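Chains as they are written, first to last, in this note's numbering: chain A, 1 to 838; chain B, 1001 to 1234; chain C, 2001 to 2120.
Note that these hints are calculated values from the structure, not bench results.
No experiment lies behind these values; they were computed from the predicted model shown.
Note that beta-carbon positions come from the ideal geometry of N, C-alpha and C, so glycine has one too.
Treat the hints with caution; some may be incorrect.
[Claimed, not checked] Derived coverage of chain B by chain A (criterion: at least 3 residues anywhere in the stretch with Cβ under 8 Å from a Cβ of chain A; other residues may be distant):
1) 1052-1063
2) 1066-1074
3) 1128-1139
4) 1168-1179
5) 1190-1202
[Said to hold, decoys possible] PhoX-like cross-link-like pairs, simulated, lysine-lysine; straight-line CA separation at most 25 Å:
6) 816/A - 703/A
7) 203/A - 2075/C
8) 357/A - 1068/B
Chain by chain, the residues run as shown.
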Amino acid sequence: MTAPPAPPADPIRLHKQLDAVWRTPAGLGQLAAVNHSVIGRRFIVTALVFFAVGGILAMLIRAQLATPRSAFLGPDIYNQIFTMHGTVMMFLFAIPLFEGLAMYLLPKMLGARDMAFPRLSAYGYWCYLFGGSILLLALFFGVAPDGGWFMYTPLSSRTYTPGINADVWLIGVTFVEISALSAAVEIIVTVLKLRAPGMSLDKMPLFAWYMLVTAFMMLVGFPPLILGSVLLEVERAFNLPFFDPARGGDPLLWQHLFWLFGHPEVYIIFLPAAGVVSTVLPVLARREIIGYLWIVVSIVALAFLSFGLWVHHMFTVGIPHLALAFFSAASTAVAVPTAVQIFAWIGTLLAGRPQLKLPMLFLLGFFFVFVAGGLTGVMLAVVPFNWQVHDTHFVVAHLHYVLVGGFIFPMLAAAYYWLPHFTGRSPRHSLGTGAFWLIFIGFNLTFLVMHWTGLMGMPRRVYTYSPDTGWEWLNLISSIGGFLMAMGFALFAVDLFLQWRFGRRAERNPWSAGTLEWATPMPPPAYNFASLPPVTARAPLADARDLGTELARGRGYLGFVRHGWLETLGVEITSGRVEQVVRLPRPTYLPLISALLTGVFFVSVLFKLYALAVLGFVAAVGSLLLWSVTSGDRRDRGPLPIGCGEVAPPHSEAPDAPSRWAMVLVLVADATAFASLAFGLLFLWVVAPNWPPPQLIEPGLTKSALVIVALAIAAWSGGRALAPGFLEAPSRRDLQMIIAAAAQTTALGGLIAILMIVPDPTRHAYTAATFAILIYAAMHAGLGVIFALFGLWRSRNGYVSAVRSLDLRIAVLWHKATLGIGVASLLLIHSLPWAMGQ
Amino acid sequence: MRLPAFRFTGPAVAAVGLTLAGCTGPLSTLDTAGPAAASIATLWWVMLAGAMALFALVVALLLAAFVKPGSGAGTRPLLWLAGGGLVLPAFVLTPLLFYALWSGERLLAHPLSGAIRIEAEARQWQWTFTYPDAAGGPRSTVNVLHVPAGSPVDLRITSADVIHSFWVPRLAGKIDAIPGHTNMLRVVAERPGFYRGVCAEFCGTGHTGMEVLVEAHPPDEYAARLVRLAEPVH
Amino acid sequence: MKALSQRPAGPVFLALGFLIWASAFSMLYAALSIGCELGWNSITWGIFDLLRLILFMLWAGHMTLLAWLYRVCRKRLDTSGEENSSAARFLGRASLGATMAAVASTFWIGLAIPLSSTCG
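So here's chain A without its partners, still in its complex pose (with noise of 0.2 Å):
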């Protein structure tokens, strides 16, 4: 153990020794940037780009039905608009909004230096560009998709929608979500681990808690989706009939697949502005937020509620009227937790001295909205109601009442709020609280009076109306307030140029705030905090207003730059006791290589180029094992010195290190979309038309039999490969791994041979979603072998030893879960034959 680098003198070698490590080099070396600052920006500007987009498309909507019987636009574009404007908003800017607005604050906010997976957050950033471009390529070239944003079956079935329409939304979709799912496990892992020494979970910012619950809440919420996307895609290229009752599959199941995503949603989207708001109103009250603990509470409520809620989308389906029931009291009752936090926030505001600063301008103008918006979600719950204005603009109105009143709003203030730390600037004059009234008055003007064109009777979705509907007036105000709105977007957009650009320089904690993100130079270097600070409180500046100052010379953790090595601190979840240096990686191309490389996956199923797709799917998972070459250390370190007279172990040789816990998160999306899947097949058997099908699908047992036991040995000898005896052996070791990819290729292989025996999927549902479950056992196992002989590399090439094995940990979790899924499926295979002959 060495003693650690002798501090420099002065703060700004520090910083030049930091900086020259840390930061993203110039010009080309930019696509290589895997920094959190940089990575989180180009969300936000993407994000703003694509909402100026969805804004464009919004606007020709209400050209287009500010009169009765507009000759402007034809009902085939029409079709592409409103799906693109939903889809735009709804997939390519508000979740990749908070996503970098999170990415950029919670290292800031937590003490930490980058998020716990630098290269993952460039990954997700490509994909999402990627994805977003093939989305927008598809609108410029007028082959949108055009089944609304929720695209319902059999409209978006390849026998009604035989163009190439759907499937750029259900693949650009699905691209843009692997950005969401990566972002999810990142947050997680960032808020649990990668906090300030001290930072204990009741001691940390509501931001992240808030961060936290809502990315637990994607990681469950998006695989129902993806899976549902990825079903229909199947169906439209290659005929395997899940949502077509002709033979014996589902428009519901679409349905069900979709809000189950769909509800959570816009819990997803609201729960960031709502920790924004947590975080921007106790500091314009200039006192603590009222509440902590059961903030914390009613945000996992929150998350959990929201997911019982999504029948209320189909509640004109038919179901069973106590579904009917269940789902209206599940809808009432999420309006409870969302009431504690309006209150909280209300009281604070109460008990406080607010300024009515521009940030505080927009919080009330949420409160405003949303309120409203939270109301009349009460009275979407109530069934009866619920079936008269289902489907029309009510719901349109409602819709947006929540989402711009609980979303936009809140990141208008953010906004304002966090710019001075962005840019470094504040504003001279501000044209904010010009954009604000524009933006207030239209929006109420074009949504308010829409909530009686709706009981007015006018449904979703049309691109005309006649003039003796009493229709007209209520469009045209709608109309004329969309267009002061888009002003004052505009006039925002303006501000936010001139405040970037001519601001001027922004003096420390403009708002004098607590949480750390302040205690940062404005704008912040690539390493954020020169040392990292140890916490004791909840509002770390409020006690020690030149905290920063302090960081900034070394006197905290990590005050020095180790080996080249880019440094910081993980620690214990509950305590926020050091537990682990975390080594992070540098700026690479392999992010973007890695995202061109699944781009060519998704761009050659979109043109049906089959071959290339299996091609550019090898190429693009190759890549990411790649990664990994520059993972890991090839020498026991034992534990480092940290500063402050204390020591930590590298993260590789800790128990609990970030890459671990990334697996864990990762195995959970993973078992919901295939819990999704075996939803899917109980849900066909039970209520699709046209069952029992005409053939069963009876394996034998001895093939299944021979594919548990090949997975259970894979999972016992990777364990085993970690035991005393063997991990410190190396040719001990490397056999458990040779037995264990020697095993998975068994399973594998005795997984194609069950394959071999389902009769052609696309004749039912039946052999269709059975095939689809053998299907994705079979990939685990593939998986699996590739996991196993990775493993083996690793450790022939010295990166795995005694106190070294965390790439045997990670593939030990998956053998298990890959053993799981592959009894889950057999067993789900052999009983449902025995179930349908009862």
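Here the structure of chain A is known, so what remains is to put chains B and C in place on it, guided by the hints.
Same frame as chain A, but now just chains B and C:
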């Protein structure tokens, strides 16, 4: 001033609302011509009143925070968190849920003998109605639905292609037409007349024009009217 | 049981109550869907029917689980005292709150069982 008897409150509220806001219209959910729509319209006015009261409360509190800063400094946080966050919603949502379940039950099409059965099939982009019990053999119409005024009609609805939705706002709520499924909607038109309906689920480029017209006949003329309709095309 | 109520609070307890709620909700909806398809609502004894009975038992079973979890959380909180860190105490109180919320949520959806017709 004594409140009027409960059964007058609904129509009274509706009448006030109607006059105040100009809610008439051929597709208006608030210009009702059937008991189901009428019940839902009353529900709407009651919920609107409640929502406005709650909204006013929130706005008042926000105003107070800025007009009288620090006025809540001595208030116990539990008043906001438990009082506003738990007790207030409980008091509002419990009666609302009970009322919602109760009125929902009344609107559902429980088995009723004597209801007239009509089949509806949606396709891109028209409605085909079949009257299996017409005297003289089954009859069929396209885009026009003939019903007797004042009697419950049980519509069995399905689709031949994509998902559509049958909705006549002045009479009742909507129900989706889903291929492979048959859903039931009970419709009652109180008085003879014409009632417009729309397809309320996006179904492609012809969605906008996919309308339906309900013609309610005086009950004694209904059977005769049916006989004069065309026979179903096979 | 003794071990569970004396180990320091982990964040998992924050989610356990609602995981039970999620199980209740899923099982109730699944049982309802299967029961309506298989006609369990037609098997009646007086005013009771098989479907409602099964739903009630599923609900009651989960409420029992939640009651047990509540007791465990309560015990952990009462016995934690000053030797535990602020974080552990915070998590203990938050877990209790979350469990109470889960109890209320599960109770609330159970109200629908007697108050609504089952299938249609």
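**Asked** Quick check: which numbered hints come out false for this structure?
**Response** 3
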